[in-house]
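Chemist: Heads up: the protein sequence lines correspond to chains A and B, in order.
The first sequence: position 271 = 367 (my numbering), numbered continuously.
The second sequence: position 49 = 62 (my numbering), numbered continuously.
It is worth saying that the hints were derived from the structure and are not from the lab.
Source: prediction; values computed, not measured.
Cβ coordinates follow ideal geometry from the N, Cα and C atoms, glycine included.
Certain hints may be false.
As the list claims (entries may be wrong) - Simulated pairs of lysine-lysine, DSS-like, Cα-Cα distance not exceeding 30 Å:
| id | chain 1 | residue 1 | chain 2 | residue 2 |
| --- | --- | --- | --- | --- |
| 1 | B | Lys18 | A | Lys197 |
| 2 | A | Lys193 | A | Lys404 |
| 3 | A | Lys197 | B | Lys51 |
| 4 | B | Lys72 | B | Lys18 |
| 5 | A | Lys487 | B | Lys18 |
| 6 | A | Lys201 | B | Lys51 |
| 7 | A | Lys133 | B | Lys143 |
| 8 | A | Lys406 | B | Lys51 |
| 9 | B | Lys46 | A | Lys470 |
| 10 | B | Lys63 | B | Lys52 |
| 11 | A | Lys296 | A | Lys504 |
| 12 | B | Lys51 | A | Lys211 |
Stated by the list, open to error - Simulated DEER-style distance windows between Cβ atoms:
| id | chain 1 | residue 1 | chain 2 | residue 2 | range |
| --- | --- | --- | --- | --- | --- |
| 13 | A | Glu161 | B | Asp54 | 40 to 50 Å |
| 14 | B | Met14 | A | Leu368 | 34 to 44 Å |
| 15 | B | Lys151 | A | Met183 | 28 to 38 Å |
| 16 | B | Thr124 | A | Ser110 | 23 to 33 Å |
If you want the building blocks of each chain, they are given just below.
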Amino acid sequence: MYLDKNQAKILNGSEGETMAKIMKTLVMYGETFDADKLIPITSEEGHLVTSFGINVMDPYYEMFESLLDAGIVSKQNFTVDPSPVDMGNVPASPIQKLVFKILYKNQKRYDDQLKRMGLKGEDMYTCTCYMDEVGNIPDYGDILSWAESSAVVYANSVLGARCNRNSAIIEMFGSIIGYVPNFGLTTNDGRKATWVIEVKTNKLPEAQVLGSAIGLKVMESVPYVKGLDKFLGNELTQEVKDYLKDMGAATASNGAVGLYHVEGITPEAKKLKEDLIKEEAKEYVIDDSELLRVQNSYPCIWKNPNSKPKLAFIGCPHLSLLQLKDWAKKIDDKLRSNDKKKVSVPTVLTSSVPVINEFKKTEEYQILISTGVKLSYICPLMYLSNPLCSKMPIITNSNKLRTYTTAKYYKDDEILNILGKELG
Amino acid sequence: MREFKGRVVVPGTATATALVSTQGFNTLASFKKALLAKKLDAPCSDQDNKDIYEKPMAKKALCMPQTIGSTTGGIVLYCASEMGASPACLLFSESIDSLAAAGAILSDIWTDVAMPTVDRLGPEFLDYVKEGMTVIIKEDGIVQVD
């Protein structure tokens, strides 16, 4: 891999031993993927995936400390994934709260490290940093050093930015050096599709199941999705962006998709059309029966699969303002139609602090609160890392949460029916 | 015994018992419980992986097509290495993905734990290797399976 004079000097220790190790890591990482050179990061801000001060990751915090001790900080400000704990808004028993304190004993230390490293602000903990209210929105063609699989796939696909599926630490090293290795999704060829997905369903598929089906099939390849524009139209409205956000998160967690193109909708597909498809691309047809097959394949690992749910999480990835308003209306409508005042299952909608603050100014906020639903900035995945919480029968509409935890997946309508019914 | 030739991602030698995931290996889902409960034998906690669910992964020759899932994958492997719960080596039938590569490289440069990593061993490698077989990795990317 070509290094310019300054990069080669850093590798040889001109800026100290720690910077040399950071450069060596990026070089070895790039060479593994036949990167030709390091290219400059052009986005204004970075995004880190690791937000949690969990007690089993001491080596990570020690590394962070050693960087800061050496005077090494990020060259760009960054946002970071959601906070792991929200004692005020998410139900937890005293013993569960105690376990949270033990589990996340490094949280204060790590929050402080993030601040010193270059965190954009105290409210900048979210996996949907690209929402208008949060403001970390790369331009088309920007080169990023981000991690968080759902944010990377969104930035690549919906915004047309360029970022590989970086691991934690690698993304920070990129932001420290100011460069990333040029390979894969930062190159024109790496952004071409090797799968064509034909959506032949009778109605708009559930985003989370469609994304799951695609991810499970194509793994880390780039898919070109046909047939969605007849349901979604050709404009990237907020509603469409939210659909793609949820679909993308499922492709990235059930598989390893870092970029997808949607015919007639996403920016590169609009610009380059079928020139984005490689000649040898394979085909996968998704119809209603295939979606049903995929959903039926999800295992339920609750001790008693017929348990009554004790908690519902909606919002992994974090909800947009429009989604919060929409859920408020849908839950309220469901309760009214069933002549009920409060949801049957304790329910938490999750979103970023800036989005929640905007939502609180709307009439839908009062409607939502009257149904008994709570709002939180938490990462539900981190909540379920508490072994006492993971034993609870928790339901979710997130395929990502289902993949990494014991939570049981239901489609949006199924969740609504559960929240609106009388539990015997 | 059969011999396969792959590409060296992280150099080193190892002899270990094979543990085989024929599907994409979800690093976070697989190591989550081991890290949380500090289980040094690292039983796989990915309920979606029928091949290796609940089987110990530490000190094994972990054979797979590639890894999938969250971008915390690399740091999970790095922390598993520091904790002493990492596989003896990582063997990929396909080209390594960015998250597994990050984990293997971070372990190599930032820890004292050796986790040799070889990719591009080909689909026939994954067809041939079975759980419990002995795997020997040599410096030049040669992998012997017995």
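Chemist: Does the alpha-carbon distance linking A:Lys406 and B:Lys51 stay inside the 30 Å limit?
Modeler: holds (28 Å)
Chemist: Is the gap between the beta carbons of B:Thr124 and A:Ser110 within 23 to 33 Å?
Modeler: holds (25 Å)
Chemist: For a C-alpha distance cap of 30 Å, please report whether A:Lys487 and B:Lys18 respect it.
Modeler: Measuring from Cα to Cα gives roughly 44 Å; hence the hint is violated.
Chemist: With a cut-off of 30 Å on the C-alpha distance, tell me whether A:Lys133 and B:Lys143 pass.
Modeler: Status violated; Cα separation ~39 Å.
Chemist: Given the proposed pairing of A:Lys197 with B:Lys51, does the C-alpha separation stay at or below 30 Å?
Modeler: Holds, at about 17 Å.
Chemist: That 28 to 38 Å hint for B:Lys151 and A:Met183 (C-beta), does it hold up?
Modeler: Given a distance of about 53 Å, which is not inside 28 to 38 Å, the answer is violated.
Chemist: Does B:Lys52 sit within 30 Å of B:Lys63, going by the straight-line distance between their CA atoms?
Modeler: holds (20 Å)
Chemist: Hint check: A:Lys296 vs A:Lys504, CA-CA at most 30 Å. Holds or violated?
Modeler: Cα-Cα ~27 Å, so holds.
Chemist: Please work out if B:Lys46 and A:Lys470 have their alpha carbons no farther apart than 30 Å.
Modeler: holds (28 Å)
Chemist: Tell me if the beta carbons of A:Glu161 and B:Asp54 are separated by a distance inside 40 to 50 Å.
Modeler: About 29 Å separates the Cβ atoms of A:Glu161 and B:Asp54, which means 40 to 50 Å is violated.
Chemist: Are A:Lys201 and B:Lys51 close enough, with their CA atoms no more than 30 Å apart?
Modeler: The given pair, whose Cα atoms are some 15 Å apart, holds under the 30 Å limit.
Chemist: Compare the distance between the alpha carbons of B:Lys72 and B:Lys18 with 30 Å, and conclude whether the hinted pair is satisfied.
Modeler: Holds - the C-alpha atoms of B:Lys18 and B:Lys72 are around 22 Å apart, at most 30 Å.
Checked against the numbered hints above, the structure violates hints 1, 5, 7, 13, 14 and 15; every other hint is satisfied.
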